[in-house]
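Residue numbers (my numbering), protein chains in the order written: chain E, 5 to 149; chain F, 905 to 1400; chain L, 246 to 746; chain G, 46 to 174; chain S, 555 to 742.
Read the hints as simulated data drawn from the structure, not as lab findings.
Check each hint, because a few of them may be wrong.
Claimed, not checked - To give a feel for the contact side, a few chain S residues facing chain E, derived at Cβ under 10 Å:
| id | residue |
| --- | --- |
| 1 | V604 |
| 2 | E678 |
| 3 | V693 |
| 4 | L706 |
Claimed, not checked - Pairs of lysine to aspartate or glutamate residues, derived as EDC-like cross-links and limited to a Cα-Cα distance of at most 20 Å, are as follows:
| id | chain 1 | residue 1 | chain 2 | residue 2 |
| --- | --- | --- | --- | --- |
| 5 | S | K634 | G | D150 |
| 6 | L | K694 | L | E704 |
| 7 | S | K634 | G | D112 |
To be verified - Pairwise CB distance ranges, derived in the manner of DEER restraints:
| id | chain 1 | residue 1 | chain 2 | residue 2 | range |
| --- | --- | --- | --- | --- | --- |
| 8 | S | E678 | E | A109 | 26 to 36 Å |
| 9 | S | L558 | L | H257 | 50 to 60 Å |
| 10 | F | G961 | L | I543 | 53 to 63 Å |
| 11 | L | D307 | E | R64 | 50 to 60 Å |
| 12 | G | G74 | L | I543 | 19 to 29 Å |
| 13 | E | K68 | L | I543 | 53 to 63 Å |
A virtual CB, placed ideally from N, CA and C, is assigned to each residue, including glycine.
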Amino acid sequence: MRHHLVLRVVSKILIPFIILYGLYVQFHGDFSPGGGFQAGVIVAAAIILYALIFGIERARQVFKPEVLLVFAPLGVMIFALVGYAALALGGNYLDYDWLVANDTAGQHIGIITVEFGVGLTVAAVMTLIFLAYAGRTRDIDDEDW
Amino acid sequence: MNPSFLLAVTLLLPLLGAVFMALTGGRPNVREAVTLVTAGLLAAAVYALLQDVLAGGQPTATLVEVAPGLPLVLQVEPLGMLFACVASGLWIINSLYSIGYMRGNGEQNQTRFYICFAIAISSSMGIAFAGNMFTLFIFYETLTLSTYPLVAHKGTDEAKRGARVYLGLLMGTSIGFQMVAIIWTWIAAGTLDFTVGGILRDKIDPTLLPILLALYMFGIGKAALMPFHRWLPSAMVAPTPVSALLHAVAVVKAGVFTVLKVIVYIFGIDLLADTGASQWLIGVAAFTMLAASLVAMTKDNLKARLAYSTISQLSYIVLGAALATSFGILGGALHIATHALGKITLFMCAGAIYVATHKTEISQMDGLGRKMPFTYAAFLVGSLSIIGLPPLAGVWSKWYLAMGAVETGMWIVVAVYMISSLLNVAYLIPVVARGFFRPSPDLVPQSVGAAAAPAKDGVQEAPLLCVLPPCLTAAGCVVLFFYADEVIALLRPIVQ
Amino acid sequence: MTGATLSGIVPHLPALQVVVPLLAAPVCFLLRRGVICWGFATLVSWAAFATSLVLLQVVLADGTIRYEMGGWAAPWGIEYVIDATNAIVLVIVSGIGSAVMPYARRSVMAEIPANQHGLYYTAYLLCLAGLLGVTITGDAFNVFVFLEITSLSSYILVSAGAGMDRRALTAAYNYLVLGTVGATFFVIGVGLLYMVTGTLNIIDLSERVPALQHNRTVHVAFAFIVVGMGLKLALFPLHTWLPNAYTYAPSTGTAFLAATSTKVSVYVLLRFLFVVFAPSYGFMALTLDYVLLPLALIGMVAATVAAIYQYNIKRLLAYSSVAQIGYMVLGIAYGSVEGLTAAILHLFNHALMKGALFLALGCIMLRVGDVTMRGVQGLGRQMPWTMAAFVTGGLSLIGVPLTVGFISKWYLITAALDDGRWPIAAVILASSLLAIIYVWKIVEAAYLKEPPEGRVVREAPLSMLVPTWVLVLANIGFGINAEFTVGVARTAAMGLLGGAP
Amino acid sequence: MLELFLAKYNYWIVILLMMTGLYIVVARGNLVKKIIGLNVFQTSVFILYISMGKVAGGTAPILTGRDEIFSNPIPHVLILTAIVVGIATTALGLAFVVRIREAYDSIEDDEIDDAEKQDMARDLEGRLP
Amino acid sequence: MELLINVVLLGLLGITAIAILTTRHLFVATMLAGGYSLTSAALLVNLDAVDVAFTEAAVGAGISTVLMLGTLTLTRRREKVKKDFRWSPFLVVLATGALLVYGTVDMPAFGDPNAPALQHIVPEYIAGTRDDIQIPNIVTAVLASYRGYDTLGETAVIFTAGVGVLLLLGRRREEDEEAGTRRPERDA
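The shape of chain E in the complex, shown without the other chains (with noise of 0.2 Å):
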């Protein structure tokens, strides 16, 4: 697809906007619908779009596979870890209320870290997926579709 000038033009408009309502459904997910794994998704698919578009290299240049390689657990990391710390100020596992003096602020502050290590591992799990996948054949080309 990389003769496709319109697509070209119109991806690169589109991808960051992309990005920006997978970080608005992250940190919204409170209020409306969405959140951390929404968002994972909707990210993967803004950077998947952009492979397809301008090819695997170029997406690997990009979004460096080493750096997936860390978000990925670390994504996980950050749940377990909210974890740990509640165990660590004294309450039991994954007990919010325990992260700060106040219950409601602890829940809060909870809830947002692990929606976002579900969308760190979730974006960073999908993009290295389909890199792997893409790995494995030439580029993808319009014959291939």
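Dock chains F, L, G and S against chain E, hints included.
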């Protein structure tokens, strides 16, 4: 020494010996010295225990509680004492003989042979001194497993087949029937302890007793009751010392010993006598006795003939037990010892003949008696003891067995014993007779084996270590004739 | 660590039991380098084992432990409930894990391409966390989530054998398809239960389901959970994924999965059958008698017969596993305290047996590279310690006295005879006798045949022999003194039948 | 009758969908098709779950301050988790398919079976008598 | 109205499912599967499950379709036509379906506001979200807090899938083929 400790020692000594044998495997002389020393020590330990028992002691040792209500217990009682004496005493003689045979025959894997032998002896001690049926069963199985490599010793296809039948039948019957019987007993009686007078009275529906008894009797495959006798002829592919172990020292004796234990201490002879639950067993045992004798007559292979003879002799004991009278039990127990002495003599003679001439078929042995006079003399003594002629030990056990039959008024059983003894004559005496009275077919005997003498007329015995042991056991048959009373006195308490 | 912090940690051990390996997995992923990952995973396994031992001790002393995840009281939050039944399963899982890990380094080096080691150990840790999570949880849906962690990581462990044999891939694929169908069935069952009760907490369910014993939705939920778990635990005839998966997985993967994963599924089945559904009610009782019992019996015999005809020993043992699962299900199907005791006992004992056997096979794989009947020929002399371990494990499988196998059989038969079910006792015995045939095939090949000419083999390295022998000795140790295991199993069985723990 | 239909039609159709998905899984020999079947099967289960949480006249479970009837949020939460599990399974399954295709040059189970039979025969070739 | 949409969407799903079953073109099947997900997402919205619908659309119609297409470019496009119809799978599926239908008899009616599931736990969740956690989206509150531990598990599942795909496809194909010929060390 503390008797309980001694009891554990009897089990551990052979195992310890096995470890030393493994360590010294490379040096045959040291290895065999270890075997003999271990055997001697074991006999001494058993003798010390015997003194304790004769003084009225009843040493007990609880090893471990395997599961709640299922302890491994060792306890000495007269019957077990007798078996232990037989096994430990004959081990010395058999070890001497093994050295002569294995060296004379140039067998492979001798270290494995001695180690397994020692483990088998340890298991036999466990069987002899088992304080409950559970313990007995466990050692019964370890005995089977430790003797498997001995039966398969030669590693040929024939040996493997024989060993497979051996293992399959013994394991099959013990797991398939005996274990069920034990679990049933456990559920019904709540205990498995060997108790004088039995543990099953009023615990189980009398109509079910024959079934439970059948599970035990056929489950004790080592007693070779027909139709589960096939393993014994199959196992004759083993080297002769192993056959001696199977037929005299440990395995089949462990079988009939277990039969006696079950009948005396699990069922109790009174219960069997009252309910008649063992009537059917009299028939089966009598049939086995006669049928095996008849089969023995048809066998030309000497070891096969002896194997069937053993099957027949074992049924003497089972029959004695099935009569459920004190004479029957005493006779059966005594027969364990007398038959062991007689049969080990015969097997060792057969092995000596094989080492010296490599002959296995009776028809080839014409005239051999003149060349191997000591061997044949021992064979004759052993035969006569098994047939039951004075002044040899066999007469006493047959006498008591017959008395047991008379006591129950079953004249037909008496008749069966008589007929069977005649059959013994018919299949054992010809072997000796051919050896002495037929001319030797080939003047040049095949000289195989390290010690075979040059081809000349005259005496050509097997090596000393092959000939001396059967002569010793033959002498033992005579000695036991005079000391049978003491054995009976030892056994008395079990039937009171 | 001071005593005060230590005692402060004990109340949180239920959570740590699972979340330590769970957090360790991403850390292991970041560590990348094979040897470092291995060392780390080994330490984590040992920590998990230590945790499970403490938990078992606490449970036996003080009774059931309940732990509220996130501080939300049950049934609103997810809770961990530990009683004797799952405490012993936790010990099995983490114990086998800690025995397999020290062994894994050499075996994995030989069987898996170097750049996959880090991922392989990560998958192992995830599998460990998943298995522990399934076992410990008291929430029906949480079972599903952790079951899926377990399943996905098991598929990965199986497929890691692809470097040795391409069939590992198809084996893993089939495992994945059937495993997912099983998990989905389980989810349907849980959903139906939720629909009529409004709760997912197992204890809460156990209080609400009895009132609905005539509700058809509950019956269907019951059926779906049994079938779903039947797929996961390879109940005959739903076992088709198992033989290939165990045959082509790397040695360490097979040893770990064979000893733990089906056991955990059996445990889940136990928990649902006896705690949630209480099979004293008509429909459930009928299912035990007329579905599970016959399937267990047929499976025991059919799988044993199939094992006899196998040439590849890994496959042979895999079929034997199907048969052994039959024993466990049989114990479950009795529905009595004796039966459940036997089932739980066999759960523990079989893990020891199969762990030892597959580890011994892994040693053979390392040195000979061939685990068929041909491969073991003459090994009795060439690898005496390995083969001795294998033979002892084999004897245990047959059920020879003084091994754990005997204890299992003893209690299974006792349970059968207790109810007067003679024919069943006969089938158990027949199946044990058939087991002699396949074990003996191997023994004869190893000891009575000469090794192929020109093959020179050394004994396996100590790092692999020691873990193998630890399990072998456990086989004998718990076979000689089964008081502890029998006691725990009985407590567990009574807990299950006494309603909610 | 109509009342019964109205009360249950949602479930019945969903059951039919589930059956179709399951049928694709068990009856089709193409490995990709099986995964698609699995997806259909699982998606249908999701609908089953969500259907049970629906309340007639209810709204999405988002607090707006007004007093409303909410549909049951618990199935939603469960299914969110289940969807994630589903996509994880799909990704892994498809990765297997890619590798199988590379190793066997086929994604049809009968062809793969044949290839494996040959593998098996090769295993047995060196078998000693 | 709601009911009508519901029926139409369910009908559409049925047609799509049958089409997926019958088509032999894998590309078409993949696209239809994407459509199936999208349609079910619409249905889920209609059933008040907006979060789920969102996710289903993103995952079912998005990511999983991309993955399937990726697989197809690496494998092949057409499904082999096999003539033989086997009864066993059909009967298994039929039995499963029949069992489920049997189970529906005692189910609470669709949309029943008095269903048991609504009486237990849910009221506390709604009140708790309003009073303790104080965020509007009840689903998020339950997902991340009440049942947050499930979500941790779910994240671990995704991570597991990542580990698996990397292990299987993380390297170039040639490397794998080279590795495939490796034999275990005989001596080390």
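Taking only the CA atoms, is the gap from K634 (chain S) to D150 (chain G) under or equal to 20 Å? Between K634 (chain S) and D150 (chain G) the Cα gap is close to 14 Å, so the pair holds against 20 Å.
For the pair supplied as a hint, K694 (chain L) and E704 (chain L), is the alpha-carbon distance within the 20 Å limit? This hinted pair holds, its Cα atoms lying about 18 Å apart.
Consistency of beta-carbon spacing, H257 (chain L) to L558 (chain S), with hint 50 to 60 Å: Check passed, 53 Å falls within 50 to 60 Å.
Range hint 19 to 29 Å: satisfied by the CB atoms of G74 (chain G) and I543 (chain L)? Cβ of G74 (chain G) to Cβ of I543 (chain L): about 27 Å, so the range 19 to 29 Å holds.
Holds or violated: V604 (chain S) as interface residue toward chain E, Cβ cutoff 10 Å? Holds, because the Cβ-Cβ distance from V604 (chain S) to chain E comes to roughly 4 Å (cut-off 10 Å).
A range of 53 to 63 Å was offered for this pair. Does it hold for the Cβ distance of G961 (chain F) and I543 (chain L)? Between G961 (chain F) and I543 (chain L), where Cβ atoms are some 54 Å apart, the hint holds.
So does D307 (chain L) sit 50 to 60 Å from R64 (chain E), Cβ to Cβ? Roughly 56 Å apart at Cβ, these two residues keep to the hinted range, so it holds.
Quick one, is the V693 (chain S) hint okay against chain E at 10 Å, beta carbons? At about 8 Å, which falls below the 10 Å cut-off, the nearest Cβ of chain E leaves the hint on V693 (chain S) intact, so it holds.
Hinted contact L706 (chain S) with chain E - closest CB pair below 10 Å: 5 Å, holds
Could you tell me whether the CB distance from K68 (chain E) to I543 (chain L) stays inside 53 to 63 Å? 56 Å, holds
Measure nothing beyond the straight line between the CA atoms of K634 (chain S) and D112 (chain G); if it is 20 Å or shorter, mark the hint as holding. 57 Å, violated
Could you tell me whether the CB distance from E678 (chain S) to A109 (chain E) stays inside 26 to 36 Å? Cβ of E678 (chain S) to Cβ of A109 (chain E): about 21 Å, so the range 26 to 36 Å is violated.
Hint compliance for this structure: hints 2, 7 and 8 are broken, all remaining hints hold.
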